[in-house]
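Student: Just so you know, the protein sequences line up as chains A and B, in that order.
For the first sequence, the positions run 1 to 262 when our numbering is used.
For the second sequence, the positions run 1 to 149 when our numbering is used.
To be clear, the hints were calculated from the coordinates, so they are not data collected in a lab.
Any given hint might turn out to be false.
As the list claims (entries may be wrong) - Mimicking DSBU-like on lysine-lysine, the simulated pairs with C-alpha atoms at most 30 angstroms apart in a straight line are:
1. A:Lys8 to B:Lys38
2. A:Lys209 to A:Lys234
3. A:Lys256 to A:Lys235
4. A:Lys8 to B:Lys80
5. A:Lys202 to B:Lys23
6. A:Lys141 to A:Lys8
7. A:Lys135 to A:Lys234
8. A:Lys138 to A:Lys86
9. A:Lys217 to A:Lys202
10. B:Lys39 to B:Lys56
11. A:Lys93 to A:Lys256
12. B:Lys108 to A:Lys3
13. A:Lys106 to A:Lys93
14. B:Lys38 to A:Lys202
15. B:Lys48 to A:Lys3
16. B:Lys39 to A:Lys3
17. B:Lys80 to A:Lys3
18. A:Lys106 to B:Lys108
19. B:Lys38 to A:Lys3
20. A:Lys8 to B:Lys23
21. A:Lys3 to A:Lys135
22. B:Lys108 to B:Lys54
23. A:Lys115 to A:Lys234
24. A:Lys135 to A:Lys115
25. B:Lys31 to A:Lys8
26. B:Lys31 to A:Lys3
27. A:Lys135 to A:Lys106
28. A:Lys8 to B:Lys47
29. B:Lys57 to A:Lys3
30. A:Lys138 to A:Lys234
31. A:Lys235 to A:Lys202
32. A:Lys3 to B:Lys54
33. A:Lys85 to A:Lys115
34. A:Lys138 to A:Lys217
35. A:Lys256 to A:Lys234
36. B:Lys39 to A:Lys8
None of these values were measured; they are calculated from a predicted model.
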Amino acid sequence: MNKDLEDKYLSVIEDNVNVGQSNAVAEFFILIAGIVGIFILLYIFADKIGCFFIDRMSDKTQMRIENAFSFGISPKMFEKTDNTKKLEAIRDKIVPLDKNLQGKSKFPIYEISEKQINAFVTPNGTIFFTQGLLKEVKDEKALTFVLAHELGHYAHRDHLKSISREIIVGFITSIFTSQNNNNINGTIYGISDLNGLTYSRKQELEADKFANKVVYKLYGNNDGAIAFFQMLEKKEKFPEFLQYFSTHPSTQQRLKLIQNGR
Amino acid sequence: MEDIIFLLILLGITYATGSIIEKRHYENIRKREIALIKKPIINFGAKKWNTNRKIKKIELVTGECVISGDYFKNFVASLKNLFGGRLTTFESILDRGRREAILRMREKARGANFIINTRIESIMINDTYTKDSVPQCAIIAYGTAVTYE
């Protein structure tokens, strides 16, 4: 074999045209950024559509939807304790203050055994308090704030908005990933798992504002709420920038809001 | 949240291991290709082979190779599936598979002067329609090795 041909073969070995020269990591980040962008747009779109229709919905329709979602919470499962009786007394004070809360759900209150400090409202108006929260917070004003926050979610119809958002997003993502049908089932399960429903941070702030107003109306000050958030702030270990990954605004931000606003 | 962290760790590890393995494989291929640059010569075209020299041996030589993409490569490719475009992460796998298969065939025909009528084919090993199919590249190269006396 002559020398030229040998050089040619060598150069073919060294210089490979069959493999793309692009950087796989850069490609990965561009693709992820694209998908995240699409999802953000999708969420905004779903949110806008959901809010548009739900804000214009009549109370009758709201009750009908809520009854459809009363998913097997039998009151017998949870016993009434002293704590829940105390909370119910507070509830009876809050409900007459806002007309969005009247004539709808009866807002039963239950206690669940969990160490985490949390409280949540289900779509049919049932409110749950964790034992962790009830152990830490004894002050009536702070409890009023927490309860009013959850009732604020209900009054603003945030539960229906987040259900509609989940349904729209779930529907569109199931089209994206419909190669195997399991995804659709998974989406339906995901939607029906309503305990995992989250509200947007804006909704949380609105609920805080609502609760703040209620506390002012009842007691004339919001010291209890401020004390509650200061207690939370001490317990938190996350740095503030992590709030972008969480559903709630950072405690500092919420504290600032209720200190300034009334 | 935990799922995402787990996924990122998995992607990072598989990217690191995958690129180390690929780099070493390419070095290995390059070394072997340079060693085999003179003999045997491969002929891809001819259906007929005429020669005046006496032939000592004619035999079938084959080289096979199955290469799989790592988790990171498959992940990037599945993302690309959504937007479209060249699956650049799989290009290197196909290239490695083809070169490895041809090299194995030539190594099998060591001492022969020619490999005539060489063909390269890709074959399907696993069922790609089931849910847990492994993305892989299976290549077989075969030809007739001719040795002169």
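Student: Next, verify each hint and record whether it holds.
Tutor: Here is how each hint holds up against the structure:
| no. | hint | result |
| --- | --- | --- |
| 1 | A:Lys8 to B:Lys38 | holds, 12 angstroms |
| 2 | A:Lys209 to A:Lys234 | holds, 22 angstroms |
| 3 | A:Lys256 to A:Lys235 | holds, 17 angstroms |
| 4 | A:Lys8 to B:Lys80 | violated, 35 angstroms |
| 5 | A:Lys202 to B:Lys23 | violated, 49 angstroms |
| 6 | A:Lys141 to A:Lys8 | violated, 85 angstroms |
| 7 | A:Lys135 to A:Lys234 | holds, 16 angstroms |
| 8 | A:Lys138 to A:Lys86 | holds, 10 angstroms |
| 9 | A:Lys217 to A:Lys202 | holds, 23 angstroms |
| 10 | B:Lys39 to B:Lys56 | holds, 16 angstroms |
| 11 | A:Lys93 to A:Lys256 | holds, 26 angstroms |
| 12 | B:Lys108 to A:Lys3 | holds, 25 angstroms |
| 13 | A:Lys106 to A:Lys93 | holds, 13 angstroms |
| 14 | B:Lys38 to A:Lys202 | violated, 72 angstroms |
| 15 | B:Lys48 to A:Lys3 | holds, 28 angstroms |
| 16 | B:Lys39 to A:Lys3 | holds, 14 angstroms |
| 17 | B:Lys80 to A:Lys3 | violated, 43 angstroms |
| 18 | A:Lys106 to B:Lys108 | violated, 83 angstroms |
| 19 | B:Lys38 to A:Lys3 | holds, 11 angstroms |
| 20 | A:Lys8 to B:Lys23 | holds, 23 angstroms |
| 21 | A:Lys3 to A:Lys135 | violated, 87 angstroms |
| 22 | B:Lys108 to B:Lys54 | holds, 22 angstroms |
| 23 | A:Lys115 to A:Lys234 | holds, 17 angstroms |
| 24 | A:Lys135 to A:Lys115 | holds, 9 angstroms |
| 25 | B:Lys31 to A:Lys8 | holds, 16 angstroms |
| 26 | B:Lys31 to A:Lys3 | holds, 19 angstroms |
| 27 | A:Lys135 to A:Lys106 | holds, 25 angstroms |
| 28 | A:Lys8 to B:Lys47 | holds, 25 angstroms |
| 29 | B:Lys57 to A:Lys3 | holds, 28 angstroms |
| 30 | A:Lys138 to A:Lys234 | holds, 17 angstroms |
| 31 | A:Lys235 to A:Lys202 | holds, 23 angstroms |
| 32 | A:Lys3 to B:Lys54 | holds, 27 angstroms |
| 33 | A:Lys85 to A:Lys115 | holds, 20 angstroms |
| 34 | A:Lys138 to A:Lys217 | holds, 20 angstroms |
| 35 | A:Lys256 to A:Lys234 | holds, 15 angstroms |
| 36 | B:Lys39 to A:Lys8 | holds, 15 angstroms |
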